[in-house]
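K.L.:
So you can see what is in the structure, the chains are spelled out below.
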Amino acid sequence: MKIVVNYDLCESNAICMAVAPEVFEVRDDDFLYLLTEEPGEELREKMEESVRRCPKQAITIEG
Amino acid sequence: MTVVIAGASLAGLTAAETLRAEGYEGAVIVVDPSTTIPADRPPLSKQVLAGEWPPEKAQHRAAARVPELALDLRLGVAATALDAATRSVTLSDGSLISADGIVLAMGAAPRRLPGNQPAGVHVLRTMDDCLALRSDLDKMPARVAVIGAGFIGAEVAATCRSRGLEVTLIEVAPLPLGRVLPGELGGFIADLHRAHGVEVILGLGVEGLDSITGTDGSQRVSGVRLTDGNVVSAEVVVVGIGVVPNTGWLEGSGLRLDNGVTCDATCSAAPAIVAAGDVASWPNPLYDEVMRVEQWENAIEQGEYAAKRLLAELQGTELPAPFASIPWFWSDQYDRKIQMAGRPSSSDEIIIPEGSIEEQRFVALFRRGDLCTGVLGVNRPRHVMQVRMKLTESLSWDSAFSVFA
Ligand SMILES: Cc1cc2nc3c(=O)[nH]c(=O)nc-3n(C[C@H](O)[C@H](O)[C@H](O)COP(=O)(O)OP(=O)(O)OC[C@H]3O[C@@H](n4cnc5c(N)ncnc54)[C@H](O)[C@@H]3O)c2cc1C
Ligand code: SF4
Chain A
14 MKIVVNYDLC
24 ESNAICMAVA
34 PEVFEVRDDD
44 FLYLLTEEPG
54 EELREKMEES
64 VRRCPKQAIT
74 IEG
Chain B
245 MTVVIAGASL
255 AGLTAAETLR
265 AEGYEGAVIV
275 VDPSTTIPAD
285 RPPLSKQVLA
295 GEWPPEKAQH
305 RAAARVPELA
315 LDLRLGVAAT
325 ALDAATRSVT
335 LSDGSLISAD
345 GIVLAMGAAP
355 RRLPGNQPAG
365 VHVLRTMDDC
375 LALRSDLDKM
385 PARVAVIGAG
395 FIGAEVAATC
405 RSRGLEVTLI
415 EVAPLPLGRV
425 LPGELGGFIA
435 DLHRAHGVEV
445 ILGLGVEGLD
455 SITGTDGSQR
465 VSGVRLTDGN
475 VVSAEVVVVG
485 IGVVPNTGWL
495 EGSGLRLDNG
505 VTCDATCSAA
515 PAIVAAGDVA
525 SWPNPLYDEV
535 MRVEQWENAI
545 EQGEYAAKRL
555 LAELQGTELP
565 APFASIPWFW
575 SDQYDRKIQM
585 AGRPSSSDEI
595 IIPEGSIEEQ
605 RFVALFRRGD
615 LCTGVLGVNR
625 PRHVMQVRMK
635 LTESLSWDSA
645 FSVFA
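Protein chains in written order, with my numbering: chain A, 14 to 76; chain B, 245 to 649.
No lab work stands behind these hints, which were simulated from the structure alone. Careful, some of the hints might be misleading.
According to the in silico footprint, chain A covers these stretches of chain B (three or more CB under 8 Å from chain A) [said to hold, decoys possible]:
(1) 534-546
(2) 619-628
Facing chain A, a subset of chain B residues (Cβ under 8 Å, in silico) [claimed, not checked]:
(3) 286
(4) 309
(5) 574
(6) 580
(7) 583
(8) 632
(9) 633
Restricting the straight-line Cα-Cα distance to at most 20 Å, the calculated cross-link-like pairs of lysine to aspartate or glutamate (EDC-like) are [said to hold, decoys possible]:
(10) 290(B) <-> 344(B)
(11) 59(A) <-> 637(B)
(12) 581(B) <-> 43(A)
(13) 301(B) <-> 373(B)
(14) 301(B) <-> 24(A)
(15) 581(B) <-> 602(B)
Backbone N, C-alpha and C fix where the C-beta goes; we use that ideal spot for every residue, glycine too.
Take these sequences, add in the hints, and give me the full structure.
P.N.:
See the structure below:
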């Protein structure tokens, strides 16, 4: 599973960080960083949750 | 088995999606008087109104999933009556459905000013509302008057300014956003708009609208009469004075209605009837308060929760723990991104641990005794979310404040 963030859409509101802090991190510079681009399968549900909650539809899951 | 969902917008479609995700294979009938799947609403006061986005872009994610969810989607059809005891639902096309489970997700409708509504007067809830307003703005009116400085009014004012229009923002309360924000911060919002050239009128109500009669006899708005006798001349008027939950059709259903559909702590209104989104009112166990939340993320979170809760009831499995949530929303005004989590009241103490109001970039925490009731950030998204994550565990002031230690 690969996580892709469309940074043109993302507005760093950190909703995804609240769902999965082990994958998404909004830092002091107010940009979103992916801590891993290929989270393990055990995180699939959380990744789907992040996709659902992202107000900007900026997150997609590949594979 | 049949589940009926009233409302095909954010909360309703999220509930439908969740039912399928949880393995429910029975019929899902979704009804909505809208003739198309409702648009995602936040862009309607922002990108679409600004003319930056074509309408198609304001589609919420769940809408694209409708085909694969195998829903019996009945657009242009409203639910018109319910008998809660037997769960029979009457629809506007005359059909009667006997449902095993019901999700109430009808949202809310904008309040209007009393009296006749001349052309040029708008409310903003649906894509049609947005496009009608946008087409009036395209004609470059000399001035737009926005009545009500809540979030919708404030965003509309900002978007109109970004289109180069003259704007007057009129609020009956002494400060903008008085319903949700402690005083000092309402002052910040007022100043932000003034700095961008909006004429902000506070503490004055609206007496009525003036209109002129066109050559064809039609009425068109020409101004807003204030309670002090002054008139704000405006060719376009936007009314943003709050919303009313769409519960009219539930009168006589046996459900309790009090500022929305009254639910228990698990979003249940009656056996196998749940509610979610702008229409649902429930006691949030994290706060000592019955809440109705008119916010985007809540519609998703509660839509998911209500669907799971309903399925558990239908399948006789253990019910989930009460719906405990720290409400969160965002609002974009000019280049400021405002986010708020929690449920402060206007009397809470404000503490600013990061940045300053002068810089227009700060975090404000709200304190009531030993509790942190919420957090607001202006261009500080990370801190808002960090505090929110703490609040989800407990409202303890010390724990929330530790984010800034
Ligand atoms: C212009 C605008 C901008 C916004 N911006 C933000 C923002 O920036 N941030 C934020 O957090 N929130 C924002 N919101 C709020 C957010 O969009 C709402 O909280 C959210 O849409 C609520 O979803 P819902 O599904 O509960 O209700 P709704 O979206 O109102 O949908 C309810 C649906 O039920 C249907 N319905 C009504 N009556 C019946 C009936 N009798 N039978 C069947 N169906 C019925 C309606 O037609 C409607 O389609 C904004 C709202 C608006 C209007
Ligand atoms: S939730 Fe979406 S918009 Fe917000 S930070 Fe994550 S990817 Fe960006």
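K.L.:
Please go over all the hints and tell whether each is borne out by the structure.
P.N.:
Right, here's what the structure says about each hint:
| no. | hint | in the structure |
| --- | --- | --- |
| 1 | 534-546 | holds (count 4) |
| 2 | 619-628 | holds (count 5) |
| 3 | 286 | holds (7 Å) |
| 4 | 309 | violated (10 Å) |
| 5 | 574 | holds (6 Å) |
| 6 | 580 | violated (12 Å) |
| 7 | 583 | holds (6 Å) |
| 8 | 632 | holds (6 Å) |
| 9 | 633 | holds (6 Å) |
| 10 | 290(B) <-> 344(B) | violated (40 Å) |
| 11 | 59(A) <-> 637(B) | holds (18 Å) |
| 12 | 581(B) <-> 43(A) | holds (11 Å) |
| 13 | 301(B) <-> 373(B) | holds (16 Å) |
| 14 | 301(B) <-> 24(A) | holds (16 Å) |
| 15 | 581(B) <-> 602(B) | holds (15 Å) |
The structure fails hints 4, 6, 10 (numbered hints given earlier, in ascending order).
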